[in-house]
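These protein sequence lines map, in sequence, to chains D and L. The first sequence runs 1 to 181 under the numbering used here. The second sequence runs 1 to 128 under the numbering used here.
I should point out that these hints are in silico values taken from the structure, not numbers from a laboratory. Please note that the accuracy of each hint is not assured.
What the hints assert, rightly or not - In the SDA-like style, the derived pairs of lysine to any residue whose C-alpha atoms are separated by at most 25 Å in a straight line are:
hint, chain 1, residue 1, chain 2, residue 2
1, L, K65, D, Y26
2, L, K65, D, L31
3, L, K65, D, T7
4, D, K145, D, R94
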Amino acid sequence: MNSPSETMRCLLDKNVARYAIAGLRYGRLRLLSPLETDALSFWHTAEERGVALFISHVSFHVLQRLAGYDEVRVLLDSVRVLSPTRYHARWSRRIRETAGLTREDAAMIALASFGSDQQGSILGTHLLITYDQPMINEYLDLLKKLERRLRAMTAQLPAPFHQATLPRMATPDEILLEWAD
Amino acid sequence: MTRYERERTVGLSVSVEQVARLIYSFDRRQKARLLQLVPELRTIRPEEADIPAGQEALLAHFDQKFDTLPERRPLQDDDPFLGGLTVAEFFALPEAEQARIWNQAHLEAERELEGYEQPVRDDALPAR
């Protein structure tokens with residue numbers, strides 16, 4: 001088991017959660033789609049590897065209304081909630097200035113850098129898992145620019161914010177392939 | 001289920017799953033064209049495709065989680081879900097429409113939560 005400082009943390013995009021729930025609902029009734037299978041396989045493999053899974057506070061708010069259903073309950077029981085901290089809004093604005101991303105996409109990326117759990121014991125996640133390939137492409141294109149801007153911003157900030165990092169963004173199947181090696 | 005178990009090849013080096021991934025990215029017009037090009041697809045019933053052992057094995061992992069719940073209440077077709085739709089109605093929608101409703105629910109939640117700030121400890125662990 002990893003020590004807390006070594007545990008990999010992974011933020012799941014809202015659609016990964018949707019496909020996982022659909023996979024649990026229909027998995028015994030029909031052949032799952034590749035995206036549903038990947039969502040469940042990623043969840044399962046991440047747990048086997050001791051990776052800590054997170055959903056955004058926004059996804060939690062949505063799923064909480066459906067928490068009476070088993071498929072949603074087991075998902076909520078398996079993840080922690082990542083909420084914005086101080087500087088999240090500022091970094092989200094900077095991302096939008098740098099990249100042509102939507103407000104929502106920028107907020108999600110910023111959450112993976114300036115999000116924390118309910119105990120306030122962590123800052124950010126290592127991975128942001130999404131099926132949004134255009135967002136991944138845009139992010140990768142601008143990664144160097146974003147890194148420079150983040151360094152410039154965090155240099156002025158107090159602990160722990162000066163240690164904020166950018167997440168790696170990838171699809172579930174991309175990470176599953178790496179883990180299979 | 002391993003990824004490789006899922007990737008039974010259907011010819012050369014292309015698996016059914018890889019083809020499915022490609023088809024999934026098609027818009028409705030492209031899918032309709034595919035049906036024209038492969039008319040046999042119209043005759044195939046979903047139940048003809050057996051649930052593969054790999055999928056069963058994957059679900060078995062989650063069965064253990066369901067078993068730990070104090071009371072069982074699985075999603076049923078006529079349960080209310082999102083966007084004023086039942087479970088069956090929601091999941092019968094085209095993928096893009098499901099995504100739109102899911103996204104709308106998130107946008108509404110985001111507005112409700114706007115301004116929320118989680119306090120964080122000075123010694124919080126960064127993602128390094």
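Hint by hint, which ones does the structure fall short of? none
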